[in-house]
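Engineer: Residue strings, one per chain:
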Amino acid sequence: MRLDLGEVMHVFYWDSIVTPEIYIIGIGLKGPGLPNWPTAQATLIHGGFESLRETPPGVASLLPPTERRRATRVTRLALDVAQEAIGNHDPSSIAALFTSSGGEVGIVHEIFNTLAGPDRRLSPTAFHNSVHNAAAGYWSIASGSRMPSDSLCAYDDSFGSGLLEGLLRLQEPNDRILLVAYDVPAPYPISAHRSMTSAFAVSLLLSRDPKDQAMASINWSYRPDSARVLGLNDPGLEALRSTNPAARALPLLEVIANQVVQTLFVGVGMQGSLCLEVRPCY
Amino acid sequence: MTPSGSKRSKPFGPLWPLSVVDYTLTNALGRGLAASRHGFLSHRSGLKPCDFEGVHFVTAIGRVDGIEQHRLPEPFKAYDGRNNRLAHLGLLQDGFIGRVNGLRESLGAQRIGVILGTSTSGILETERAYTMRDPTSGALPPHFHYRETQNTFATADFIRRILQLEGPALTVSTACSSSAKVFVTAARWLKAHLCDAVVVGGVDSLCLTTLFGFHSLDLLSEKPSKPCAIDRTGISIAEAAGFAIVTPFDPKVSPLCIMGAGESSDAHHMSSPHPEGVGAAMAITGCLKTANLAPEQVDFILLHGTATRTNDIAEDRAICQVLGEGLPAASIKGHIGHTLGAAGMMNALTACIALEGGFTPGTLHTEIIDPSIRSNVALTPNIHKPCRTILSNAFGFGGSNACLLLGLHRDA
Numbered sequence: 001m002r003l004d005l006g007e008v009m010h011v012f013y014w015d016s017i018v019t020p021e022i023y024i025i026g027i028g029l030k031g032p033g034l035p036n037w038p039t040a041q042a043t044l045i046h047g048g049f050e051s052l053r054e055t056p057p058g059v060a061s062l063l064p065p066t067e068r069r070r071a072t073r074v075t076r077l078a079l080d081v082a083q084e085a086i087g088n089h090d091p092s093s094i095a096a097l098f099t100s101s102g103g104e105v106g107i108v109h110e111i112f113n114t115l116a117g118p119d120r121r122l123s124p125t126a127f128h129n130s131v132h133n134a135a136a137g138y139w140s141i142a143s144g145s146r147m148p149s150d151s152l153c154a155y156d157d158s159f160g161s162g163l164l165e166g167l168l169r170l171q172e173p174n175d176r177i178l179l180v181a182y183d184v185p186a187p188y189p190i191s192a193h194r195s196m197t198s199a200f201a202v203s204l205l206l207s208r209d210p211k212d213q214a215m216a217s218i219n220w221s222y223r224p225d226s227a228r229v230l231g232l233n234d235p236g237l238e239a240l241r242s243t244n245p246a247a248r249a250l251p252l253l254e255v256i257a258n259q260v261v262q263t264l265f266v267g268v269g270m271q272g273s274l275c276l277e278v279r280p281c282y
Numbered sequence: 001m002t003p004s005g006s007k008r009s010k011p012f013g014p015l016w017p018l019s020v021v022d023y024t025l026t027n028a029l030g031r032g033l034a035a036s037r038h039g040f041l042s043h044r045s046g047l048k049p050c051d052f053e054g055v056h057f058v059t060a061i062g063r064v065d066g067i068e069q070h071r072l073p074e075p076f077k078a079y080d081g082r083n084n085r086l087a088h089l090g091l092l093q094d095g096f097i098g099r100v101n102g103l104r105e106s107l108g109a110q111r112i113g114v115i116l117g118t119s120t121s122g123i124l125e126t127e128r129a130y131t132m133r134d135p136t137s138g139a140l141p142p143h144f145h146y147r148e149t150q151n152t153f154a155t156a157d158f159i160r161r162i163l164q165l166e167g168p169a170l171t172v173s174t175a176c177s178s179s180a181k182v183f184v185t186a187a188r189w190l191k192a193h194l195c196d197a198v199v200v201g202g203v204d205s206l207c208l209t210t211l212f213g214f215h216s217l218d219l220l221s222e223k224p225s226k227p228c229a230i231d232r233t234g235i236s237i238a239e240a241a242g243f244a245i246v247t248p249f250d251p252k253v254s255p256l257c258i259m260g261a262g263e264s265s266d267a268h269h270m271s272s273p274h275p276e277g278v279g280a281a282m283a284i285t286g287c288l289k290t291a292n293l294a295p296e297q298v299d300f301i302l303l304h305g306t307a308t309r310t311n312d313i314a315e316d317r318a319i320c321q322v323l324g325e326g327l328p329a330a331s332i333k334g335h336i337g338h339t340l341g342a343a344g345m346m347n348a349l350t351a352c353i354a355l356e357g358g359f360t361p362g363t364l365h366t367e368i369i370d371p372s373i374r375s376n377v378a379l380t381p382n383i384h385k386p387c388r389t390i391l392s393n394a395f396g397f398g399g400s401n402a403c404l405l406l407g408l409h410r411d412a
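Order-wise, the sequence lines are chains S and F. When we follow the working numbering, the leftmost residue of the first sequence carries the number 1, and every step to the right adds one. When we follow the working numbering, the leftmost residue of the second sequence carries the number 1, and every step to the right adds one.
Rather than coming from a laboratory, the hints here were simulated on the basis of the structure. Check before you lean on any hint, since a few could be wrong.
To be verified - Chain F is faced by these chain S residues, among others (derived, beta-carbon under 10 Å): (1) ILE141; (2) TYR222; (3) GLY236; (4) CYS275.
Unchecked claim - Stretch by stretch, here's where chain F covers chain S in the computed footprint (C-beta under 8 Å, at least three residues): (5) 23-29; (6) 41-54; (7) 58-65; (8) 128-140; (9) 154-164; (10) 186-197.
Cβ coordinates follow ideal geometry from the N, Cα and C atoms, glycine included.
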């Protein structure tokens, strides 16, 4: 009986929640051997991903020099993909969403080392850099944007949960939303409990305005149960996707790069899923 | 216009108001609503000299008693840690779990979401694990569980599992504004029909990172903090857990509602607020706009009021810009300390207690108010002037600002 009711509810929500079409109008990316979205796009179309290459370090050229020196490797990576996705759009009018499983793993490792040592005094900069919303704070300083931002975490589903929040926020007064997902491998010994092949960061500039020049359009719906998420054919990309939560964006990016019409699923909140109907915009 | 069953855009309506159908909070004043209500009415502080293991400097902290003795139910052994224990202690108060169980029966587990605000999650467990590393390999001890304790999602995951909920779950971690922002995310989920009710929470527990971190910034007070006082000396770090169940607005269910919210970023500095409170003023303005209220309709303000000079002055500037001078306000940081990621929730739930109890709290330990503060900072509780609306502020590192307007529905 209970199961039947669940099935009925499932079908009901599946059919009735039809959301407005949204558009992906900018993409930024940094990954192993992938310095930007055009390189990643070519790799996702033609193959040749070299999983052993380093992820190019972030530069965060938008930050004033003093802040740039203070910002961590993670933050600089996040800022670079955000800047690439924003392109020529004015960042000061766009609300931003940052999502990451581990956040500032490097700096918290340093803090743990210090606190376990004989002199427990911390550096004030290390402390304010350790917060999960460090990248969001630096982005606000770099872009001059006083728009709201959020910093989210949903473990392995941090990308999907962030994307869902982005889609939900594309309503009055937000015509556009910047989503930034990033994760870097933690240093040892935490790495023994959370292994990740490489650093990866991706940013999507989302819009609800059909007049914006778009790469792809998305119709979406949320499902409360987890759907079977298909992996990637390239073993290197699949290893990246399955270990780095930000790289859970790769199947979506592959569809966008290849300009195909496809329906795919992304995990949300370690329980539910987002169903995305992706169409290329020519 | 369009035949039913075919695809059509479903326009989103306004996000606000939301009904607060139940709530509970646990902090240095004690466990459950009665302890906080009594603490605010009797103007009592839960702050004590710091006795937290490993701290060598003098400061006051707000500690929740009994966390060390508390045990999680057997299936949740991997989740064992200070933050999840505190979350569990918090959930056990005021019949809150029973209320969630009732809702789960009527709505279905998939229709109830969980959103948690936390800044440090369970990092105390990792701090401790780093002191127990294997001398040869450097490995952490085998009982260390990264996913269930340290990860920022750990406590949201724990709460969803222990409440047996299957709706969406998420952690918002924007430092000290985290658990104010959870209400905004909940409003979006409800408006988009992702779920029919959301358990929102704020849980942050004491750890060395925040104690030594704020010490390094020279922001910790030796004595219990004195918000807005001429002789204020800084922050008292504390821990707390607070939870609320929010649903789409229905005055028949509860007179309490979140009327609106405003958020902004400072675009100024990572660890100090904009000196003129520009970001905070934007958040307060947004709050009034979404709640559709005029400045004079705000009855009282629960200040972020951390008792650092930069925070107190910037916050007051922001308030006076938007709401004018002389509005009654108070900070509860002298009662319960600065609970960081739980601070937004503590202020919001204190607003609920005050609205329902027909009183407003005072600002504890403060004797002489800094003359540059133009709001009417209340030093003592007031039982003679019940409020209809309370503004609740939360500001955090990275210049993250979130303000909520809570109210009692008129017909109630």
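Engineer: Checking against the hints above, which ones are violated?
Structural biologist: Failing hints, ascending: 3, 4, 5, 6 and 7.
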